[in-house]
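**Student:** Here are the chains, one letter per residue:
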Amino acid sequence: MNTAQAGGGSRSSRFKWLVPTLYIVFLMIPIYWLINMSLKTNTEIVTGFSLWPNNLTFDNYKVIFGDPTWYNGYINSIIYVVMNTVIAVAVALPAAYAFSRYRFLGDKHMFFWLLTNRMAPPAVFALPFFQLYSAFGLIDTHIAVALAHCLFNVPLAVWILEGFMSGVPREIDETAYIDGYSFPKFFGKIFMPLIASGIGVAAFFCFMFSWVELLIARTLTVTEAKPIAAIMTRTISATGVDWGVQAAAGALTIIPGALVIYFVRNYIAKGFALGRV
Amino acid sequence: MLELVDVSKKVGAQAHLSGISLTLEPGSLNVLLGPTLAGKTSLMRVMAGLDKPTQGDVRSDGKSVLGVSVRNRSVAMVYQQFINYPALTVFENIASPMRVAGVDRATIERRVREAADLLKLSEFLDRTPLNLSGGQQQRTALARALVKDAKLVLLDEPLANLDYKLREELRDELPKLFAKTGAVLVYATTEPQEALLLGGHTATLSEGRLTQFGPTIDVYNRPTDLQTAQTFADPPLNTATVHKRGAELVLGEHSVGCTTPSLPDGEYLMGVRPHHLNLHQHSDTATAVTATVSSSEITGSETFIHINADSEKWVLLTHGVHRMDKGQSLSVYIDPARVYLFDTQGQLVQAPSNSAKAA
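From first to last, the protein sequence lines are chains A and B. Mapping the first sequence onto this note's numbering, position 172 (from 1) lands on 174, and the numbers just tick up by one. Mapping the second sequence onto this note's numbering, position 184 (from 1) lands on 202, and the numbers just tick up by one.
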């Protein structure tokens, strides 16, 4: 029995590596190609096909790090993304608590309605936002983009956090009140540590969606708060496309997301287990 | 002292509690006994102040506490599930009510250690609750309730999720622990046996109504009505409709003597506890009823025999191991002195005459 199993196991395990390897290879090819391109000169990119840079150059990166109009794009993006993440999670925490703990008229409908916000394409909202923010003089500020991104990030954060909060028994809340905790104290000291992974997951998704969103961010900014994705369009000019710099800029935009994913990878697995992500 | 005055609680159209009046003395042990959904937890939540009654008043030492939020009441509560703060250590879990109340460090340290000693938690104070066994988790919750020194301590089936050994141990210790604090102790349970073991006073609940409140042993021996008798019986009370004629209770083709001949003739409901049914003629006055066996369970020193007697399903509890075959017919002896009689409204009209001994 044992030997038969071991024999069968070794036969199938001979090819066990194949599927994941293929998967990872296909997944990594575009990223490799992006990095590959960012280390080549434009001439090499447009004139031939090479699997690795023949004339290794860091000039493309030097362009970005040497020019404030380039690297300010990253700074702008990070500023409004962090602002958005903080606002979205801060607003979603009490909302998710209410949805998870209280029954009120229309609670289920409202919870579903939150999600419908995510169904409309962001382009629908770009124009109203532009008009509204012009009226308030918010155009070309970081807070404008951060607030606009709340439109889809707050519902998402509420949805994720509600799942985590409903996993905490209500009796813990009651025990805390019986012990004499006030609501803010209970929430900060007892409750938040219990849903820490949920906050991590919600923050990650807010960060990610805000980081990759281009249309609204570009519509609402001019120069002062212009996101990196918008600045990247500068590489297309009358003299042609600066492929190398664009590839370098693209490679750099992956880094923040990769860093955040690295820190919350365990929490995300937990979030998937709860069925809310 | 805690007083409930005509407390009702409705959720939607459903009445979870209706018209409950109860006075609980300080330093007393009160058992709330009833099956699941009888309203034990609802009643405790009203007592604690977690829920507001839709009607009626809750008074502590004569003053209404309906307007006082649960935070400011002197209450401690332990749930059936082991509820602790998972993010805090056992020490901080126990200390938590005192920390909130602003008790000084030295006192907290001393009282947590005391409580931990009493509940055998001293070596686990640095762990978090999720790294403890179920019994230790529940003891942590109990220790937290103990250090709070509340006037009202509510234990909602605190031992239901523990294994029997821990259960017996804690059941023994609990009343003693809280008796010293002079608190009103309320203990909810579904098990009649647990109520009897705990002693004190028992309030029997059935479908949101309080059916009887009094010293536990009295409630057991002289339930005022059928509801109470059925609530306070495990295995269930055997009942049968009987016709009383003179000194006879006629049950189908059998008859059992009636010890209260002064009752008017008519229809009554007879109740006999399973351990008062006998396989042998154990007293001169006992009469036989023929029955057929439907199944039997052997628990070790005792045997439960499920029988069909006169189209009623009965349970007989007897000592020793008895092997019974399904369908076997046997004679079951009923001693008239051990019979409960209820009138058609379900009110008790006759209890076993020597009930003190019968218990």
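No lab work stands behind these hints, which were simulated from the structure alone. Incorrect hints may appear among the rest.
[Said to hold, decoys possible] Computed cross-link-like contacts, DMTMM-like style, restricted to lysine to aspartate or glutamate with a CA-CA straight-line distance of at most 20 Å:
(1) B/183 to B/144
(2) A/191 to B/110
(3) B/169 to A/46
(4) A/191 to A/176
(5) B/331 to B/302
(6) A/187 to B/285
(7) B/198 to B/167
(8) A/187 to B/75
(9) B/81 to B/132
(10) B/70 to A/176
(11) B/169 to B/43
(12) B/169 to B/283
(13) B/70 to B/122
(14) A/18 to A/46
(15) A/187 to A/173
(16) B/70 to A/173
(17) A/191 to B/21
(18) B/194 to B/24
(19) B/198 to B/132
If you're wondering where the values come from, they're calculated on a predicted model, not measured in any experiment.
**Student:** If a hint holds in the structure, say so; if it does not, say that too.
**Tutor:** A quick look at each hint next to the structure:
1. B/183 to B/144: violated (25 Å)
2. A/191 to B/110: Holds, at roughly 12 Å.
3. B/169 to A/46: Given that 20 Å is the threshold and the Cα spacing comes to 84 Å, the pair is violated.
4. A/191 to A/176: holds (14 Å)
5. B/331 to B/302: The given pair, whose Cα atoms are some 26 Å apart, is violated under the 20 Å limit.
6. A/187 to B/285: violated (63 Å)
7. B/198 to B/167: holds (10 Å)
8. A/187 to B/75: violated (30 Å)
9. B/81 to B/132: With Cα atoms ~33 Å apart, residue 81 of chain B and residue 132 of chain B exceed 20 Å; violated.
10. B/70 to A/176: With Cα atoms ~14 Å apart, residue 70 of chain B and residue 176 of chain A stay inside 20 Å; holds.
11. B/169 to B/43: holds (10 Å)
12. B/169 to B/283: violated (51 Å)
13. B/70 to B/122: Not satisfied, since the Cα-Cα distance of roughly 33 Å exceeds 20 Å.
14. A/18 to A/46: With Cα atoms ~38 Å apart, residue 18 of chain A and residue 46 of chain A exceed 20 Å; violated.
15. A/187 to A/173: It holds: about 16 Å lies between the C-alpha atoms, which stays within 20 Å.
16. B/70 to A/173: holds (17 Å)
17. A/191 to B/21: Violated: residue 191 of chain A and residue 21 of chain B sit about 34 Å apart, past 20 Å.
18. B/194 to B/24: With a Cα-Cα distance of about 31 Å, the restraint between residue 194 of chain B and residue 24 of chain B is violated, given a limit of 20 Å.
19. B/198 to B/132: It holds: about 13 Å lies between the C-alpha atoms, which stays within 20 Å.
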